[in-house]
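Colleague: Going down the list, the sequences are from chains H, D and C.
Start counting the first sequence at 1; every next residue gets the next number (the working numbering).
Start counting the second sequence at 391; every next residue gets the next number (the working numbering).
Start counting the third sequence at 990; every next residue gets the next number (the working numbering).
Hint data in this document are derived by calculation from the structure and do not stem from the laboratory.
None of these values were measured; they are calculated from a predicted model.
Beta carbons are placed, not taken as given, at the ideal position from N, Cα and C, and that holds for glycine.
Possibly wrong hints are sitting among the right ones.
[To be verified] Just some of the chain C residues that point at chain D, by a computed CB distance under 7 Å: (1) SER1005; (2) TYR1046; (3) SER1050.
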Amino acid sequence: MVKAKEKRIITGKFTPGSGIKAALAGKPEEVVQEVIDSGLRGKGGAGFPAGLKWRFAANEKSDMKTIICNADEGEPGTFKDKYLLDNHPMKVLEGMAIAGYAIGADKGIIYLRGEYAYMLPSLEKNIEDIKKNVFSKLKVGKKKFEFDIKVRLGAGAYVCGEEFALIESLNGNRGEPRNKPPFPIQKGYLEKPTLVNNVETFATVSHIIEKGALWFGKFGTKSSKGTKLFSISGDVKYPGVYEFELGVKLRDVLELVGAENTKSVQVGGFSGINVTESSFDKTLAHGDLPAGGSIIVFNKDRDMLKVLKNILEFFEEESCGQCTPCREGAYQLLKGIKMIEKGEKSIRYYKDLCDLCATMKDSAKCGLGLSIPSPFLSITNNFKDEILYR
Amino acid sequence: MSEMIKVNIDGIEVEVESGATVLSACEKAGVKVPVLCHHPDLNVAGVCRVCMVEIEGMGNLQASCAYPVTQPLTVKTKTNRVRKARRMNLDLVLAEHYGDCYTCPRNGNCELRTLADEYGVDKFKFPHVDKPRYAKDTKSFSIIRDQDKCIHCKRCIRTCIDMQKVNVYETANKGHDVEIQVALNKSIADVVCINCGQCVNRCPTGALWTQDVSDQVWEDIENPDLFVIMQTAPSPRAAIGEEFGYPPGTRVTKKLNAAMRRAGFDKVLDTNFAADLTIMEEGTELLERLHKVIVKKDKSVKIPMFTSCSPGWVKFIEHYYPDHLDHLSTCKSPQQMYGAVIKTYYAEKIGIDPSKIRTVALMPCSAKKYECNRPEMNASGYRDVDYGLTTREMAMMLKEAGLHLADMPTEEFDPVLGEGSGAGMIFGATGGVMEAAIRTVYELVTGRPVPFERLNITPVRGMEAIKEASLKLEKVKKEYKWLEGVELKIAVAHGTANAKILMDKLVDGTLDYHFIEVMACPGGCLGGGGQPIPTTPEIRKARANAIYQEDEEIEIRKSHENPLIQKLYKEFLGKPGSHKSHELLHTHYTKRGQYFVKD
Amino acid sequence: MSVNLERIREIFSDYSPEKGNFMVLLHDVQKACGNWLPEEALMEVSKLAKMPLNKVYGFVSFYTMFSTQPRGKHIIRVCKDGPCAVKGSLMLADLLMKELDVDMGETTDDNHFTLEETACIGTCTASPAMMIDDEVYGNVAPESLNSILKKYR
Ligand SMILES: Cc1cc2nc3c(=O)[nH]c(=O)nc-3n(C[C@H](O)[C@H](O)[C@H](O)COP(=O)(O)O)c2cc1C
Ligand code: SF4
Ligand code: SF4
Ligand code: SF4
Ligand code: SF4
Ligand code: FES
Ligand code: FES
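Assemble the whole structure, with the sequences as input and the hints as a guide.
Modeller: Written out as structure tokens, the structure reads:
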């Protein structure tokens, strides 16, 4: 599944215990520094520098801190975290333990989306194994190393991938994102400092700590180091999970996965952007195309109006519904597009919808509402004729 | 925490405490920012997104009500970007709101309408959402819900859950299907709602309102066969002026008397009189309980005794602490005592058949509507009180009749049962019942007035969450020898959230008081759910001032010195706690629990 | 079906009373009640979890995998999101509606199947995808539908 063997990191070989052992050989600050030096960015979508987040978390003073592994993977067209948990669970668990050591947390929670409930037994068995075979044999100075991991289930709410919604959900509440600041690293699970990272972020960390920041830094681009998993679906011959070096050209990706007759590509999932031929030479890297991990390919037979409506329906249902611009905005975008389609609103109404997008992008409470305009604007821009003038 | 931080708002420098919100900094700078979900009494929600501002260095606009100041900030509130976002979010709200202002109780006092006006909304930018209309929930005696007008600001949820610690509402569903719901979509009448009306008072729109009985009252007034008697509580008098444009805290009692007579009420009586009666009964009950506990060591008698004049509080304890109802005083509230006395003693005095009398109570309270409809409230042989009117309803009735307070002369209450003491007056403020009771009980026991300057028992005054005090009983009268040297410990809580703190201690067995006053509403009745909207911490203070001033100006300031009360006992009831008193003025409670019964 | 309160109490005693366990617990309660959460069950949960009923209801209604309406023995969830939608999941949904004679969200008369839509279930490499209970089915061809359903009949 992988393009070039030597670039396999996250899906590569790994000796269980090698990461956490390397971590415990140094001081927690050194582990944090190593992650900072590696230039690793979070793999959950927002691309925030992982090391920096770890440092903030490490600096918080508290009697309790929690590591949360975000396995809510709800972005349509994304299944890379599922792949990791199925095939490389030890890396993920070890990455969590490393983070725990680095920031001073002795508990970890994996928030697994409800639809992946079938994984629960195997995941719990893996946790037992790693505790028994790896953690229990380790020492920090003279003390035994301890790190506990639990799995918690979601129950079908995309927004629970947002870190605060996830935490609320764990707290036994509706998964509604909170106002920021304060951030989870200050006041998260049970109101205590909480570090939330994506499944893939933890898996990558295991390798970074094992092999060093310098080694990791050889891959990727200046601002996007390393490799990344991509979930590729839609109109391609070989859908699946791929590992690419960051900075890879979209065109090369499409070629490799056997995309033919491609009309457009949704990069970064529903909350990402839609690109066409003219952008295929852009790269998947921070600052260029969103490297969120989902690539959905549409071929020339696809009706982009249908695609757009499908995306908006998704957001209209999956918004947590607390803030006006997102709850009502998503609804009005969908309704507006349908009305234009039926001729009940003139094309000029499209401009109002674009204004609405500007407000949503500027005033929604969390990333979900803030990103709905991206697919809307990119798809309508790319396919003005098809969508507005049909 | 109290580190001061500089914030620049549109060029105006202010300093606020670290952790304060940008919105509060704006207020300090005199810059008005529109809000829909923010309310000064409530926790932050940050959901309506109309309070957006630009903060230098931040990519997106920020909700000023939710953004804490922790470092120096430069804020802009008037840029085009800000204006457009506010207006757009307002447009979105208007599209989900079924507005029919003409028929809406909030017309003229609606935060949404006001904002639409201020932001120059002249057309509907977005088509109206096509959700099915809701059926209004009108089953409760007190609260009406019209969800078509709900804008999902969650104020009611935060009021009910955080402020009152009652759990009626919660957001249900997600996405565009989100609605503010009662558990399992029940009617509000079938759940733990205590009818306090605090949610109504905070709702920015007409989605929540109180039952309106003014039409029935008008009909009864016009019916020549009926004799309609009004009793007015102290709190509405300290607040109804607000509905007529007076600043909060303006006292309009005497003008109100005149207006109500002109509206057609046959008699206008003062509930303070019944408050005095309550003090006599409750004070006696307290002493009896203490006697049984201290002298007779009777384990079945419960101390501390809690006051029972607040029907919201009574229902709260019935739902949440049904095993502790024995701690509630058995005294009815002044409203209900008055009703019972009016339809018996007073009816006889004025020579009118009680079946022809309709009693109306002007109250600051929506729970009073429920209270007067409780099945057991018919001691007189009739409905003791026929209607509870809120301050807002009364104002509406007066306006409808063209009776504006400014144009009214001043008039006194009707005599016979007409007047109350200052002690009755202060029932309207948190701590008032306690103060009135102590003025009487202390003097009954010791023969001397309470040892406070001008009788003002200041430790139980003010807006502190829970107030406590103790008073040593010394050199008592002969018949109270068993109380010599006893330190009478009292506490006062307002808002059921604060009451809950005390109740949880009671359950734990760590509550060490003799007598506790609880009012369901923050600030006491003056902050009641039937009071003018808005009610804010400042406004509550102003109303309290008006009430305490009026107390100081009344000649008789102790309930037991009210000559009319003395006369009532002499001619009719016998003595406090007598058999007749128990029949008419005391009641019993119902264990309700937190779950509805399945029908 | 009457609610087995005893079973709900057992489920509660299996978990420590941490807040974090609430979700897992509700999943179990729902299973025990036959794939949905009747009123009595929610009241019992509220009592045992010491969580007011309004909060329990708000919670349950937020998450699409919980239902306060009766559901069948098996729940069929058809993915409706982009990757599956373009590969025929809508047609699949139509076929199922016809085959089971129900609308989306409804339960068959014999209480055997409930048909629902779901957001992406991470099987987009094998679109169109669907789940029956916890089992995932990818590349569901119209011809194969009947043989899949047979397993559950
Ligand atoms: C609506 C929404 C959904 C999200 N879903 C996920 C998700 O499924 N998995 C994930 O790891 N991060 C998700 N995120 C991002 C998280 O909020 C958070 O940034 C991330 O878990 C941090 O991990 P990272 O720094 O390792 O990427 C989501 C964010 C939003 C706004
Ligand atoms: S942006 Fe959407 S998902 Fe986020 S808080 Fe607002 S309504 Fe909820
Ligand atoms: S709530 Fe306000 S805007 Fe809505 S109908 Fe009533 S007065 Fe009009
Ligand atoms: S009236 Fe009081 S108890 Fe009832 S819903 Fe409103 S705030 Fe809650
Ligand atoms: S009922 Fe009123 S207070 Fe409650 S959410 Fe709706 S508009 Fe806000
Ligand atoms: S007032 Fe600030 S978001 Fe509503
Ligand atoms: S879109 Fe159907 S499984 Fe992902």
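Colleague: Hint by hint, say whether it matches the structure.
Modeller: To see whether the hints hold, each was checked on the structure:
1. Taken as an interface hint, C:SER1005 does not check out: its beta carbon lies about 23 Å from the nearest beta carbon of chain D, beyond 7 Å.
2. Annotation: interface hint on C:TYR1046 holds; nearest CB of chain D at approximately 4 Å, less than 7 Å.
3. Residue-level restraint check for C:SER1050 holds (minimum Cβ-Cβ distance to chain D is 4 Å; threshold 7 Å).
Of the numbered hints given earlier, the model fails hint 1 alone.
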